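Participant: Sequence:
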Amino acid sequence: MKEIWNWIQVAFAAIGGTLGWFLGGLDGFLYALIAFVVVDYITGVLRAIVEKKLSSRIGAQGIAKKVALFLVVGIGHLIDTYLLGGTGAPLRTAIIFFYIANEGISLVENATAIGLPVPAKLKDVLAQLHGKDEQK
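Numbering of the sequence shown is given in the working numbering, commencing with residue 41 and proceeding in unit increments.
Calculated from the structure, these hints are not laboratory results.
Computed from a prediction, not measured in an experiment: that's the story for all the values here.
Take the hints with a grain of salt, since some may be wrong.
What the hints assert, rightly or not - The following label-pair restraints were derived from C-beta to C-beta distances: (1) LEU162 <-> VAL85: 32 to 42 angstroms; (2) ALA108 <-> TRP45: 41 to 51 angstroms; (3) VAL158 <-> VAL78: 17 to 27 angstroms; (4) MET41 <-> LEU124: 39 to 49 angstroms; (5) ILE48 <-> PRO159: 26 to 36 angstroms; (6) PRO159 <-> ILE44: 41 to 51 angstroms; (7) TRP45 <-> PRO130: 33 to 43 angstroms; (8) ILE82 <-> ALA134: 19 to 29 angstroms; (9) ILE48 <-> ILE82: 24 to 34 angstroms; (10) GLY99 <-> TRP47: 27 to 37 angstroms; (11) PRO159 <-> TRP47: 44 to 54 angstroms; (12) LEU169 <-> ILE103: 21 to 31 angstroms.
Heads up, the beta-carbon is just placed ideally off N, CA and C, and yes, glycines get one too.
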C-alpha cells in the first residue's frame, strides 16, 4: 500500500512540475488568472441555476474553454522563453492580462444576471483591462 502511495505522489509531482514549467511558474499573475477562472466558472454555474438553464454539455464546454485558455498561456510562455530569448515574460503576461479581463467581464455579467450589485469602478477597471474605455 505504501508503494502505491509513493507512486501516486511521484505522479502528482511530475504533473505539477510539468504544469509549472509549461505555464511559467506560479507567480501572482497566474494566481490571479486561476482565481478569476474558478470564480467565473462558479458564477456561470450559479447563473445557469438561476436561469434554469443548467446543462452538463454546456458545463463541459466551459471547462474545455478554460483548459484551452491555460494552453494558450503555456504557449505564450514557451514563445517568451525559447523564441524571444527568455528575458522577462512579456507575451505570457499580456496573454494573462487579456484573459483576466475577459474572465472579469464574464464574472460581472454573471453576477449582474443573478441579481448581485456590481461596483461601477470594478466594471470600469475591467473595461480598461479589456481595452474598452466606456464613453458615457
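Participant: Look at each hint and say if it fits the structure.
Facilitator: Hint-by-hint comparison with the structure:
1. LEU162 <-> VAL85: 32 to 42 angstroms: Check failed, 21 angstroms falls outside 32 to 42 angstroms.
2. ALA108 <-> TRP45: 41 to 51 angstroms: 33 angstroms, violated
3. VAL158 <-> VAL78: 17 to 27 angstroms: 18 angstroms, holds
4. MET41 <-> LEU124: 39 to 49 angstroms: 48 angstroms, holds
5. ILE48 <-> PRO159: 26 to 36 angstroms: 44 angstroms, violated
6. PRO159 <-> ILE44: 41 to 51 angstroms: 50 angstroms, holds
7. TRP45 <-> PRO130: 33 to 43 angstroms: Because 42 angstroms falls inside the window, the suggested range holds.
8. ILE82 <-> ALA134: 19 to 29 angstroms: 26 angstroms, holds
9. ILE48 <-> ILE82: 24 to 34 angstroms: This hint holds: roughly 28 angstroms between Cβ atoms.
10. GLY99 <-> TRP47: 27 to 37 angstroms: 31 angstroms, holds
11. PRO159 <-> TRP47: 44 to 54 angstroms: Holds, since PRO159 and TRP47 (Cβ atoms, about 48 angstroms apart) stay within the stated range.
12. LEU169 <-> ILE103: 21 to 31 angstroms: Roughly 24 angstroms apart at Cβ, these two residues keep to the hinted range, so it holds.
Hint violations for this structure: numbers 1, 2, 5, all remaining hints satisfied.
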